[in-house]
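Asks: These are the residues of each chain, in order.
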Amino acid sequence: MRIRSAWRAALAAGAALVMLSACAGAGGSTDTSGGGGRTLEIWHAYAGQKDKVEFIEYALDTFKKAHPDIKVKEVSAEQSSYKTKLQTAMASGNPPDVFYTLPGGYLKAFVDSGQVLGLDDELAKQGWRDSFLESSLPSVTFGGSTYAVPIDIDAALVWYNKALFQAKGWQVPTTWPEFLDLAEKIKSAGVVPVALGNKDSWPATFWFQYAEMRMHGSGVMSGFGAGDKNATFGPEAKDAAGTLQTLAQKGYLPKGANGMSDAEANILFLNGKAAMVLNGTWQIGMSAEAPAGFELGYFPFPTFAAGKGNQSDVLAGVAASFAVSKKAKDKEAALAFLRHITSPEVMTKYVQIRKTMVARKGATTPEAAGPLLAGVVQDVIGKADTLDPFYDTAMAPKTTETYYSTLQGLIDGSITPAAASEAIENAAKAGK
Amino acid sequence: MSISTRSHAARRDARAALLFLAPAVLFLAAFVAYPLLTAGVLSFHSWDGVSPRQWTGLANYERLLGDRIFWGSLRNNVLVALTAIVFQVGVGMVIAYWLVRVVPRIKRFAMFVYVIPVVISEICIGLLWGFVYNPYFGLLNGFLNTVGLDELARGWLGDRSTAMPAVLVVMNLTYLGLYILLFVAAFENVDEAVYDAAAIDGAGHYRTFFSVSVPMVWSNVQATTLLAVVSSFKTFSLVYVLTRGGPNNATDVVSTYLFQAGFGNFEAGYASTIGFAQILLTAAVGVFVLGLMRRGKRGEA
Chain A
1 MRIRSAWRAA LAAGAALVML SACAGAGGST DTSGGGGRTL EIWHAYAGQK
51 DKVEFIEYAL DTFKKAHPDI KVKEVSAEQS SYKTKLQTAM ASGNPPDVFY
101 TLPGGYLKAF VDSGQVLGLD DELAKQGWRD SFLESSLPSV TFGGSTYAVP
151 IDIDAALVWY NKALFQAKGW QVPTTWPEFL DLAEKIKSAG VVPVALGNKD
201 SWPATFWFQY AEMRMHGSGV MSGFGAGDKN ATFGPEAKDA AGTLQTLAQK
251 GYLPKGANGM SDAEANILFL NGKAAMVLNG TWQIGMSAEA PAGFELGYFP
301 FPTFAAGKGN QSDVLAGVAA SFAVSKKAKD KEAALAFLRH ITSPEVMTKY
351 VQIRKTMVAR KGATTPEAAG PLLAGVVQDV IGKADTLDPF YDTAMAPKTT
401 ETYYSTLQGL IDGSITPAAA SEAIENAAKA GK
Chain B
1 MSISTRSHAA RRDARAALLF LAPAVLFLAA FVAYPLLTAG VLSFHSWDGV
51 SPRQWTGLAN YERLLGDRIF WGSLRNNVLV ALTAIVFQVG VGMVIAYWLV
101 RVVPRIKRFA MFVYVIPVVI SEICIGLLWG FVYNPYFGLL NGFLNTVGLD
151 ELARGWLGDR STAMPAVLVV MNLTYLGLYI LLFVAAFENV DEAVYDAAAI
201 DGAGHYRTFF SVSVPMVWSN VQATTLLAVV SSFKTFSLVY VLTRGGPNNA
251 TDVVSTYLFQ AGFGNFEAGY ASTIGFAQIL LTAAVGVFVL GLMRRGKRGE
301 A
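Here the protein sequences line up with chains A and B, keeping their order.
Following this note's numbering, the numbering of the first sequence begins with 1 at its first residue and continues without gaps.
Following this note's numbering, the numbering of the second sequence begins with 1 at its first residue and continues without gaps.
Please note that the accuracy of each hint is not assured.
Said to hold, decoys possible - No more than 27 Å apart at the CA atoms, straight line, and that leaves these computed lysine-lysine pairs for DSS-like:
no.	chain 1	residue 1	chain 2	residue 2
1	A	K85	B	K234
2	A	K125	A	K255
3	A	K308	A	K73
4	B	K107	A	K398
5	A	K83	B	K107
6	A	K125	A	K329
7	A	K73	A	K85
8	A	K383	A	K308
9	A	K168	A	K308
Said to hold, decoys possible - Some but not every residue of chain A turned toward chain B, in silico, with C-beta under 10 Å:
no.	residue
10	M90
11	N94
12	A257
13	M260
Claimed, not checked - Derived, one-sided and incomplete: chain B residues facing chain A with beta-carbon distance under 8 Å:
no.	residue
14	P135
15	L157
16	A185
17	E188
18	N249
19	Q260
20	G275
21	F276
22	A277
Everything labelled a hint here was simulated from the structure, so no lab data went into it.
Note that CB positions come from ideal geometry on N, CA and C, so glycine has one too.
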């Protein structure tokens, strides 16, 4: 009897704990009293991602210590639900004071409707603007004014299984024909050349965009975004679409790539069932749980001999940024938080935790970044003339959707490269 | 008792009834009727959810009529409904009959097994099946390779021709248990004497099933068919988890397309239009199915 009631008590306690932790976890909010009358509501989308949670908790804790007079209310959500949540809050006229936002088209919609505080005056003070990498600001700048501070930068490049390459005697390619030859060799060895899991549609965009950047040149989507009437993907878009379709038709992609999540594709890659993957710098983190003996290598996206673009350009963009709502009551506190989260101390901590590049100059130190990321920064990003931001985040939401489904269609052969390039061009024009 | 006191009592009853109904009515008004009306108004607007909405009249409805993705997704909903009627209601009925009349001994255990997918979250089921269908380390291709049918192995969810059938299999297997559960309960309520009479008349299982069991539970058949159809037209989570409506919209159903329009493209107005069309179509199909079955019953009698 006693055991049973003890059980019941334990169960009740467990249930209470679960409920409590559910509140504190994804989608929850935590009040941290600091006394005084100043309050600051901060929203972010880091819930559910361990390393990012560690980063934001560090930033918030140190901020609270530095500003004991400000009462911080943290609201966290998971990436996919966050978008809806913020959208709803904005629409209902109850925006948070400080909010996490994707750069590009997503932020622009809020800016266009006059919901976001311009940061130009503040950025001019104490050289704040100059502390950011120049290439990181365009994606948060609209009509000449900057509306958010960039946090981290993701760059896409080709990652490969070093041990597998060595064992089979495969050479890292530099040109596109070399890449195709290599893919053929890999395929005949019974290994999938390219691990592409395109269920969520963004992974395939890297292939199209890199081919477009090499053949046509960088900056196309930025042109559309800035309202440039002459902006166009050009006739090269058809060839760029063709390169993606070629990969699919020659059997260089996994079977059913469109139905496979990027996590599933990563399992193929880490287990040596696939040899290469074109992915963001977050691949370093995604390779942390690889089986023993796995070694991650990287090389820049191959060059196209007749391409009009700069052959060393890198597909890279701001992954996340923070902005202040125009309706924020305590703007001073909000700006203080933006300054804090982009401070060298917090930014270097982020590099340490996540092995990612940050937008703050000098914060991505080799010690914090580790050898792989430091190498990428030096060998690939350092040699780039331009960093061309991810098309899909720069596009208007509806354009992104067309872009996504068109690339899926290229992979499964239901659309021709000519029709695909036309659809993408039209969608980009319609989406401004 | 005089008439006046009786009507007084009736009035008092009516007042009490209103009092008890009020919370539910208020709740429905606030959380169903009001949003529904708002969505109806919204369906005539263009709105990205942030900037001021613009009145666009019937433009959204015109667009809907010519929207190939919408009609494709509606076609998928119809497929879901048709397979649900056959493989959930129909097969569920047969299995329930078999459990109740043929092998009542294993009924409890079998029902336990069939109901498992019904009580597991659809998200988990979708994720599990995602691994079953994985072309490289999935169970299905693994099985095909083991038995020597290598050429049948494929990327089930990524292949346009197999994606929708693959989703349909998951859906029907998931919800089958619910219908077995409902029909077992219904068949058990049929009076044993009716079966005895059928047995005396020399009816076998086939004859008993069609001439005794099914007509005896016809109102249940109607209700469950309606349930199957309506839930087929609303289905969302399994499709979303398995394929996100892809590849290239091949497995989109109306709900996933609505979600895409509203929360992917930020076209709240158009999403409302899709939602409204969905409600109307679901209601129309429901009425149609009910009418059809009422006639079926009359034919039977």
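Asks: With a cut-off of 8 Å, does the beta carbon of A277 of chain B approach a beta carbon of chain A closely enough for the hint to hold?
Replies: The hint is violated - A277 of chain B has no Cβ within 8 Å of chain A, the shortest such distance being about 19 Å.
Asks: Does the nearest C-beta of chain A fall within a distance shorter than 8 Å of the C-beta of E188 of chain B?
Replies: violated (34 Å)
Asks: Regarding the hint that G275 of chain B lies at the interface with chain A, is the smallest CB-CB distance below 8 Å?
Replies: violated (15 Å)
Asks: Is the hinted pair K125 of chain A and K329 of chain A satisfied, with a Cα-Cα distance of at most 27 Å?
Replies: Since the Cα atoms of K125 of chain A and K329 of chain A sit roughly 21 Å apart, the hinted pair holds (cutoff 27 Å).
Asks: Regarding the pair K125 of chain A and K255 of chain A, is the alpha-carbon distance no greater than 27 Å?
Replies: violated (54 Å)
Asks: N249 of chain B was flagged as interface toward chain A. Is the shortest Cβ-Cβ separation under 8 Å?
Replies: holds (6 Å)
Asks: Could you grab the alpha-carbon distance between K83 of chain A and K107 of chain B and see if it respects the 27 Å cut-off?
Replies: violated (47 Å)
Asks: Check the hint pairing K85 of chain A with K234 of chain B against an upper bound of 27 Å on the C-alpha distance.
Replies: Given pair K85 of chain A, K234 of chain B holds - Cα atoms ~23 Å apart, limit 27 Å.
Asks: Holds or violated: is the Cβ of F276 of chain B closer than 8 Å to a Cβ in chain A?
Replies: violated (19 Å)
Asks: Hold the hint about M90 of chain A up to the distance rule: shortest CB distance to chain B must be less than 10 Å.
Replies: Check passed: Cβ of M90 of chain A comes within 5 Å of chain B, closer than 10 Å.
Asks: Q260 of chain B was flagged as interface toward chain A. Is the shortest Cβ-Cβ separation under 8 Å?
Replies: holds (7 Å)
Asks: Below or equal to 27 Å on CA atoms is what counts here, so check K383 of chain A against K308 of chain A.
Replies: Holds, because 18 Å separates the two Cα atoms, which is no more than 27 Å.
In this structure, the hints that do not hold are numbers 2, 3, 4, 5, 9, 11, 16, 17, 20, 21 and 22, in rising order.
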